[in-house]
Amino acid sequence: DQQVKQNSPSLSVQEGRISILNCDYTNSMFDYFLWYKKYPAEGPTFLISISSIKDKNEDGRFTVFLNKSAKHLSLHIVPSQPGDSAVYFCAASEVSKAAGNKLTFGGGTRVLVKP
Amino acid sequence: DGGITQSPKYLFRKEGQNVTLSCEQNLNHDAMYWYRQDPGQGLRLIYYSQIVNDFQKGDIAEGYSVSREKKESFPLTVTSAQKNPTAFYLCASSKTGQGSYEQYFGPGTRLTVT
Chain A
11 DQQVKQNSPS
21 LSVQEGRISI
31 LNCDYTNSMF
41 DYFLWYKKYP
51 AEGPTFLISI
61 SSIKDKNEDG
71 RFTVFLNKSA
81 KHLSLHIVPS
91 QPGDSAVYFC
101 AASEVSKAAG
111 NKLTFGGGTR
121 VLVKP
Chain Y
7 DGGITQSPKY
17 LFRKEGQNVT
27 LSCEQNLNHD
37 AMYWYRQDPG
47 QGLRLIYYSQ
57 IVNDFQKGDI
67 AEGYSVSREK
77 KESFPLTVTS
87 AQKNPTAFYL
97 CASSKTGQGS
107 YEQYFGPGTR
117 LTVT
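Heads up: the protein sequence lines correspond to chains A and Y, in order. Each residue of the first sequence is one higher than the one before, starting from 11 at the first, in the numbering used here. Each residue of the second sequence is one higher than the one before, starting from 7 at the first, in the numbering used here.
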């Protein structure tokens, strides 16, 4: 049972335009969400996160939106740059003693930014 | 320069052999994790440890073993019982406690078993 889903395996966008990546989750106990960026043959690097008490968090070109009622979050990258071409993973965490700091990852979305 | 190191970058083994992947961190993090990534898929949790001398199974622990004798080190052994060991293995670490959800990842080890 996939608790975190990224339904779009790939996304192609023109340089300078907005990239919108989507993520859906099913576990209502998740209360913290993160986005990671990954280049081939490298480890993921943290991009941005959001707590369930917020509906938006912004950091430079990256903005994450959370819709708790829909169990949906999205990452907006604007403007998109060629260096943004990578795989983006959505991850979720449940705050409980039993869960610890475990993250559950989505399957990833490959973004290609065309010059 | 703090971070997580994984060695080697590429590892080749024959079927039936056990192999141990190294993971070291100098971030003073209490928690460490092992993930596996297969082509076109997300990261799946193999094992994690929140404190020295303690670890828990993740979602796909069968065929793997770990130890956590030191805070800095969390080696993963891929045993011959793991049916599909060829994959990209990622180690991560994080702080523990409230508000410590961000995990920092190493560069990964690509294991190929033939």
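Do not take every clue at face value.
Derived pair list, reagent style BS3-like, types lysine-lysine, alpha-carbon separation capped at 27 Å [to be verified]:
hint, chain 1, residue 1, chain 2, residue 2
1, A, Lys78, Y, Lys15
2, A, Lys47, A, Lys81
3, Y, Lys63, A, Lys64
4, A, Lys47, Y, Lys20
From the derived model, a few chain Y residues whose C-beta atoms are all more than 12 Å from chain A [what the hints assert, rightly or not]:
hint, residue
5, Val25
6, Gln47
7, Asn59
Distance windows between CB atoms, simulated [as the list claims (entries may be wrong)]:
hint, chain 1, residue 1, chain 2, residue 2, range
8, Y, Leu33, A, Ser38, 44 to 54 Å
9, A, Asp69, Y, Asn34, 22 to 32 Å
10, Y, Glu21, A, Lys124, 25 to 35 Å
11, Y, Phe18, A, Met39, 21 to 31 Å
12, Y, Gln23, A, Arg27, 17 to 27 Å
13, A, Lys15, Y, Gln104, 24 to 34 Å
Bear in mind the hints are in silico, worked out from the structure with no lab data behind them. Ideal Cβ positions, reconstructed from N, Cα and C, are used throughout, including at glycine.
Now the hints, each set against the structure:
1. A/Lys78 - Y/Lys15: Violated. A/Lys78 to Y/Lys15 sits at ~39 Å, over the 27 Å cutoff.
2. A/Lys47 - A/Lys81: Answer holds: A/Lys47 to A/Lys81 is near 21 Å, not above 27 Å.
3. Y/Lys63 - A/Lys64: violated (32 Å)
4. A/Lys47 - Y/Lys20: violated (32 Å)
5. Val25: holds (19 Å)
6. Gln47: violated (6 Å)
7. Asn59: holds (15 Å)
8. Y/Leu33 - A/Ser38: 44 to 54 Å: About 32 Å separates the Cβ atoms of Y/Leu33 and A/Ser38, which means 44 to 54 Å is violated.
9. A/Asp69 - Y/Asn34: 22 to 32 Å: holds (25 Å)
10. Y/Glu21 - A/Lys124: 25 to 35 Å: violated (42 Å)
11. Y/Phe18 - A/Met39: 21 to 31 Å: violated (41 Å)
12. Y/Gln23 - A/Arg27: 17 to 27 Å: At roughly 49 Å between Cβ atoms, A/Arg27 and Y/Gln23 fall outside 17 to 27 Å, so the hint is violated.
13. A/Lys15 - Y/Gln104: 24 to 34 Å: The hinted range 24 to 34 Å holds for A/Lys15 and Y/Gln104, with Cβ atoms some 27 Å apart.
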